[in-house]
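J.: Kindly produce the complete structure, drawing on both the sequences and the hints.
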Amino acid sequence: MRGDAAASGSGCDSPVSFGLGRYRPRRRVRTLTGVCVAVGALVLVGCSSSSTTAPSAGSSAAAGNLSGTLVVFAATSLTEAFDKIGAQFHQAHPGVTVKFNYNGSSSLATSITQGAPADVFASASPKNMATVTDAGDATGTPQTFTSNTGEIMVESGNPMHIKTVKDLANPKVKVVVCAPTVPCGAVATAIFKNAGVTVKPVSEEQNVGGVVTKVTLGEADAGIVYVTDVKANETKATGVPIPADQNDVTEYPIVQVKGAPNSSAAKAFISYVLGPAGQQVLASFGFMPPG
Amino acid sequence: MSAVDQQKQPFNPLLALLAALAALFFVFPLIGLITGAPWGHVGEVITSKSSLDALGLSIIASLSSTAIALMFGFPLAWLLARGRFRGKGLLRGLTTLPMVLPPVVGGIALLLAYGRRGIIGEPLDKATGFSLPFTLAGVIVAESFVAMPFFVLTVESGLRSINQRLEDAARSLGAGRAMVFRRVTLPLLWPSLIAGTVLTWARALGEFGATITFAGNLPGRTQTMPLAVYISQSSGKMDEAIALSLVLVVVSLVVMIVRRQSPGTG
Numbered sequence: 149m150r151g152d153a154a155a156s157g158s159g160c161d162s163p164v165s166f167g168l169g170r171y172r173p174r175r176r177v178r179t180l181t182g183v184c185v186a187v188g189a190l191v192l193v194g195c196s197s198s199s200t201t202a203p204s205a206g207s208s209a210a211a212g213n214l215s216g217t218l219v220v221f222a223a224t225s226l227t228e229a230f231d232k233i234g235a236q237f238h239q240a241h242p243g244v245t246v247k248f249n250y251n252g253s254s255s256l257a258t259s260i261t262q263g264a265p266a267d268v269f270a271s272a273s274p275k276n277m278a279t280v281t282d283a284g285d286a287t288g289t290p291q292t293f294t295s296n297t298g299e300i301m302v303e304s305g306n307p308m309h310i311k312t313v314k315d316l317a318n319p320k321v322k323v324v325v326c327a328p329t330v331p332c333g334a335v336a337t338a339i340f341k342n343a344g345v346t347v348k349p350v351s352e353e354q355n356v357g358g359v360v361t362k363v364t365l366g367e368a369d370a371g372i373v374y375v376t377d378v379k380a381n382e383t384k385a386t387g388v389p390i391p392a393d394q395n396d397v398t399e400y401p402i403v404q405v406k407g408a409p410n411s412s413a414a415k416a417f418i419s420y421v422l423g424p425a426g427q428q429v430l431a432s433f434g435f436m437p438p439g
Numbered sequence: 011m012s013a014v015d016q017q018k019q020p021f022n023p024l025l026a027l028l029a030a031l032a033a034l035f036f037v038f039p040l041i042g043l044i045t046g047a048p049w050g051h052v053g054e055v056i057t058s059k060s061s062l063d064a065l066g067l068s069i070i071a072s073l074s075s076t077a078i079a080l081m082f083g084f085p086l087a088w089l090l091a092r093g094r095f096r097g098k099g100l101l102r103g104l105t106t107l108p109m110v111l112p113p114v115v116g117g118i119a120l121l122l123a124y125g126r127r128g129i130i131g132e133p134l135d136k137a138t139g140f141s142l143p144f145t146l147a148g149v150i151v152a153e154s155f156v157a158m159p160f161f162v163l164t165v166e167s168g169l170r171s172i173n174q175r176l177e178d179a180a181r182s183l184g185a186g187r188a189m190v191f192r193r194v195t196l197p198l199l200w201p202s203l204i205a206g207t208v209l210t211w212a213r214a215l216g217e218f219g220a221t222i223t224f225a226g227n228l229p230g231r232t233q234t235m236p237l238a239v240y241i242s243q244s245s246g247k248m249d250e251a252i253a254l255s256l257v258l259v260v261v262s263l264v265v266m267i268v269r270r271q272s273p274g275t276g
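Order-wise, the sequence lines are chains G and D. The first sequence lines up with residues 149 to 439 when you count with my numbering. The second sequence lines up with residues 11 to 276 when you count with my numbering.
Hints are computed from structural coordinates only; laboratory data are not their basis. One or more of the hints may lead you astray.
Stated by the list, open to error - Calculated lysine-lysine pairs in the PhoX-like style (CA-CA distance at most 20 Å, straight line):
no.	chain 1	residue 1	chain 2	residue 2
1	G	LYS320	D	LYS136
2	G	LYS311	G	LYS275
3	D	LYS247	G	LYS348
4	D	LYS136	G	LYS275
5	G	LYS406	G	LYS275
T.: As structure tokens, this is what we get:
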């Protein structure tokens, strides 16, 4: 499952906490030295702990007086990369505890427009970002920080011998995609259109994690996910690349949420993601530089 | 409780206040739904093909899982109420676990058991080429898993509350087992059966977590009303979500009211 990859990717010593998206049933509740905080009415149970870099007045002063909790709402596809970026950010700013809420970008956008207490929103497409900016719930202009592209994910070893997008049109192949309103669903729709095929999926998941789960559990034969998802799950699934002329690229914008409870940390986090350190982590997980 | 008992209760202002607060707690969300509804185009949303598909699926699946609960849940309830065997407590705990389990957890457990690579699902798939996830049958399985325990527990406690001497008396007067069941046990059990059936059906109708996890979400195939509501609201289509919610509220309310007024459920 997706949670496994996140756990191995970020490591158990990570000082960062993790949000709990709808499809991520494995809660990681850590109470070593930290405290558990439930944020809002969202399913966002997070904890923080830090064995070596305990927050102290001195260190936070050295890091520019940033402190408190930073709540980042991020697209599910960013899970592994943002867990790592969050850990590094915490090392740079030990006074700040970063909490992530990962879910489909459309769900996150809806939550934010309904007043969820987020500081930063990282969307997997400009369309879902527009939901937030159009509602006047963003501070400043969203900045594109990375981009991603589609790939077919199949069971390990590709038992159905799926080689092209056209193979997904075979009614014997169980295909799972994201719902059309979620960025990964928009990518899938574009890919099918570019390839000129009609694919009848067996399920439309609400975030890319749902697609990954269905394929890695063997319930579905194939799913349209991002190249980064295939890379993050390479031990549990196999990728079938999609030629560039059929593929679709989605750009990831990031913005500070209006009324962010921790606006100084939000600004610092956005700069960190856009800066060389953040970009390096994103690249290491297979993300492409912003278009 | 008889009417005489109720009359003897003196008016307690604190009790009344707390009860009123409890009632308001439930009333406000309902008012919220009603005032927040896009009345101008509720009809349009409700009668759209996708809504009707979801409603149809919900009704078929919830009724089917209720029927399954009656067919398999009744013998189980009987065994738990009347059987004498070791491990009964464990059996009861296991079969009623889904009542307290988060439904998403139930969905994952169902995948691992009856999914295409599950311990039962894999041999089934190999033998027949059929697998439950992403099918209407999968929706019914998920709803049964979550809802049937309500039937089993209700009927079991109903069976326990029957004075078995009445059955013994009927037997001693020459009635056969079948006749005792039909003429003594069943009439006494009727209120529990009705209550258990309605509870089970209502729980199945509202099922979300196990369904979306085990059966996926495909409009017209496995997308029941609660899934349609969730997908609408998480896609920012709040109007649609509220309109669909109202349908569920009305359907559920009608059934609960009918249940209260049906004879024998006092």
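J.: Broken hints, numbered, in rising order?
T.: 2, 3 and 4
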